[in-house]
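**Q** Put chain B on the given structure of chain A with help from the hints.
Those protein sequences? They're chains A and B, same order as listed.
96 is the number that this note's numbering gives the last residue of the first sequence; the numbers go up by one with no jumps.
130 is the number that this note's numbering gives the last residue of the second sequence; the numbers go up by one with no jumps.
Treat each hint with caution, since some may be false.
Claimed, not checked - Partial list, derived from the structure: chain B residues whose beta carbon lies under 8 Å from chain A:
1. ASP68
2. PHE120
3. GLY121
Keep in mind the hints are simulated off the structure, nothing from the lab.
All values reported here derive from a predicted model rather than from experimental measurement.
A virtual CB, placed ideally from N, CA and C, is assigned to each residue, including glycine.
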Amino acid sequence: EAQVTQNPRYLITVTGKKLTVICSQNMNHEYMSWYRQDPGLGLRQIYYSMNVEVTDKGDVPEGYKVSRKEKRNFPLILESPSPNQTSLYFCASSVSQSTGELFFGEGSRLTVL
Amino acid sequence: GENVEQHPSTLSVQEGDSAVIKCTYSDSASNYFPWYKQELGKRPQLIIDIRSNVGEKKDQRIAVTLNKTAKHFSLHITETQPEDSAVYFCAASQGAQKLVFGQGTRLTINP
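So here's chain B without its partners, still in its complex pose:
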């Protein structure tokens, strides 16, 4: 089955700097790669996703890149703000059926 590894487990950046979180997956058949953000005490919420037919997708300050050959994908957050502090999860699957999540990255934005 699919296995997703996520790094780093914790990340601390200065406000205004960029943050990058990386994930690798094992199943070459996976074609859907979402990222979820979980604020303290809240439910995970989708922030961006990418399908295997594209290499990059952007939404304002957030971007995701996908390298199918190397089987890794990354989340990039630019111009970080205090409200970006949260736990971020990557995931991989074929559709939503058996979405396998990474271990999570706790991102802290320092003022």
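Bound-form chain A, shown alone:
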């Protein structure tokens, strides 16, 4: 089944404890992206990647890191999480950066205490 998988789906952590949210897609998509969803703010892009080893900042990159060493995986790294990073995170992929439809993962709800 074609899908975007995120792990973990739910996480409660404490300020400063490094964490990684895994994103994997099995559709051979070139383009992958991370969004955070907050009430009243919609979906805001954190980072995106147009292909392996090619990443760039979105609109809200502060406090996050990403890597794209393999085509299928695009992990989101929070080196030192803070409470303002409490949010619902979505990974998404697309065939290419010029092709429209984004396929979203199921979301990862992160709480930073």
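**A** Frame of chain A, contents of chain B only:
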């Protein structure tokens, strides 16, 4: 960069009536305008999109219109049904690269 404003933030309509959600964008270079539907607790899913070379697109009960001159686009849902209740997001970009989303509209269909 691109900025997308979406209105209204909440919308309640009677089952069978029509619903209209409006968005404006700031970057005249944007050429791709998708709409995503997010049901409660689920992921966003594309329901319809339009590119800047057309003014209107329809898919059964859903239609999107685009006014490039005014830089606004709208989602129209006719004959609304309970399963249309969800949060709807508009977005704008040049391709999928830096898709900028609106703030979302929570649509409630009242039986």
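**Q** Does PHE120 (chain B) meet its interface restraint, that is, does its C-beta lie within less than 8 Å of any C-beta in chain A?
**A** holds (4 Å)
**Q** When the nearest CB of chain A is found for GLY121 (chain B), is that gap smaller than 8 Å?
**A** Holds, about 6 Å.
**Q** Does ASP68 (chain B) pass the interface hint, meaning its C-beta sits closer than 8 Å to a C-beta of chain A?
**A** ASP68 (chain B) check passes; min Cβ-Cβ to chain A is 5 Å, inside 8 Å.
Violated hints for the displayed structure: none, as all numbered hints are satisfied.
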